[in-house]
Amino acid sequence: MTSPKPRRQWPDWLAGYALLSPALLVMAATLAAPVIALFVLSFWSQTGFDIDRSFTLANYWKLIEPSSEPMVWMGIPFPFAYPVAAILMLKSLVMSLVATVVVIAMAYPMAYFLAFRVTRHKALWIILLTIPFWTSYLLRVFAWKIVLGYNGAINTGLKSLGIIEAPLEFLLYNPIAVMITLAHAWIAFTVLPIYVSLEKIDRSLLEAATDLGDSRWQRFWRVTLPLSAPGTIAAALLVFIPTVGDYVTPTLVGGPGGTMIGTLMQELFLRQDNAPLGAALAIVMMAIIAGIVALFLWAVGYSKMRERSR
Amino acid sequence: MAKADSIISISGVTKRFGPVTAVDDISFDISRGEFFSLLGSSGCGKTTLLRMLAGFEQPTEGEIFIDSEPMAGVPANHRPTNMVFQSYAIFPHLNVGENIGYGLRNAAISKDEAGKRVSDALELVKLSGYGGRAAHQLSGGQRQRVALARALVCRPKVLLLDEPLGALDKNLREEMQIELRALQRTVGITFVFVTHDQEEALTLSDRIAVMSKGRVLQIDAPEALYENPNCREVAEFIGTMNVFSGRIAASAKGATTIDARALGKLQARGTSRKGDYAFLAVRPEKLKLMTKKPAASMNAIAGVVSAISYRGDRHHFLVTAEGHDRPISVSQQNDSDTKSTPMNVGAKVWITWPATTGRVLSH
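Just so you know, the sequences run in chain order A and B.
In terms of this note's numbering, the first sequence is residues 1494 to 1803.
In terms of this note's numbering, the second sequence is residues 140 to 502.
Treat the hints as calculated values from the structure; they're not laboratory data.
Heads up, some of the hints might be wrong.
Unchecked claim - Facing chain B, according to a computed beta carbon distance under 7 Å, are these residues of chain A, among others:
no. : residue
1   : 1698
2   : 1706
3   : 1760
Heads up, the beta-carbon is just placed ideally off N, CA and C, and yes, glycines get one too.
Kindly produce the complete structure, drawing on both the sequences and the hints.
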């Protein structure tokens, strides 16, 4: 008697990984491997032109080594022997935070308009939003150099109108220029997730709020904003996480006052030839950002939000 | 102007959306404490009318009064109405208690008073102890109750319900109908109920407005609508109706004879002008099937049974008669002991009914 040979079925989890494998390979090669390399590197040390591969915590110790004479920056004492890392870390976090707040403050109304006011040609509006991406990031940063520069658009414009006599020097090469540039570069990324979360809100919920006595503003605070929070939080993280470590923008428009932690890392790796210390700094930065993000998500109750949007 | 006992007065209201007229010159009053239904198929304008009462849409023409106050220019959040939405519109980010208390935040009452009213409302809809539940943990029936409690807790003068039972399965729907009716009697608030389900409207309502193409065809109590429809459209929308057409052969003192050509002369209640084209409407349960030709005083049509369906409490027959294009529905109660029906498909039968059970309709 012959019975049909049972077809070998892959278990679901294996089939899932098989489908994921191309993406997983790319991720492993470009993300996991460099991070692991960086992690290993941070426990080695630089001796002249060579790298000493014996395990050491010296790099991490250097970043937090206390000093009896604290360095004061912006009125805040930094009691470290190597204070520049901590100062730039704090400065980068603050600058990114400001840029993130500015981005969300500008992107939210745009997304709101798109979700609630635009009724026709929505696709066209969304395409228009992507226009900044049609040029490279570098060019967009350079464009701000032209706008804000000594002989830039703003200065020559104001001069020809007779409002100012000499070009304003405070426009470029400072933290504000960095924040403006970062905000502009990232805003287009944030409109879409906010838009999606607004678009998903059932319109009858808004009518119900009105029906129960809410004015437009009350309704916004009590229904629209909380229900769009998941997308808005995602958008904020999308800006905050990558901008902390950004080094192109501070290098091009930041000047000496606008340096960020990424600038220091680049210095350590390339000019000061101390890759292990740079690696340790990068790992610490990642840990700090991860910690801040986790704390933030916990504070806003993100897991609860996800549960109910299911 | 509004009558003294009417809570809602609709006067010449028309609503146009561009070239489409959704509601076409409607006028009627709803009495205080009434359970009033707007019944019609989709697109008849019933929901638009309800949304105009709520303040979500403004009439293009005409006026709406609620408790004698003109509503023109009064936004939805300042109207003495609350709504139960078709989708229930339960706020997903708030728990049951917060949902129900939502409207009380806008009312000038203390926190204690609000808390008491929320727990009273929970009790009213039989959800005591559910205040802390998350919205996504509720079943369909529970969501419906929360939506009801959330609207009632604001103590509106009028509660507007937009097909609130449509999403529930049949058994739950019937259970909720009974509860809804009892609830309305308890709170005494005027309910305006939109539905496309005629059975639901008949079960629940004190009065029903049957709507079609933006107009109101008839406003009446359920029995009156069922027994005395004023036109063919209402007759056919509410329940099943057999309609025969022909010219009026004679009409006097509320008794009319219609010449239904091949079907012969048929008699019915109502008055009409001799020679006019008219309809005779008669319900399936008023008809009887007989195997022999009945007495001459009765209406009688000869036909052949084309289909029989068993409905438990009754049998439903379709009978084809020569000269009538649609099969005639006949419903017979299974009230005798006989287990099977004596009629079979293909049997020649006489359909018969007394002159008093049919009704003449002019359009």
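Hints versus structure:
A least Cβ separation of about 5 Å between residue 1698/A and chain B falls short of the 7 Å threshold, and the interface hint therefore holds. Interface restraint check: residue 1706/A against chain B, minimum CB-CB distance 3 Å, threshold 7 Å, status holds. Hint on residue 1760/A is violated. Least Cβ distance to chain B is approximately 46 Å, over the 7 Å limit.
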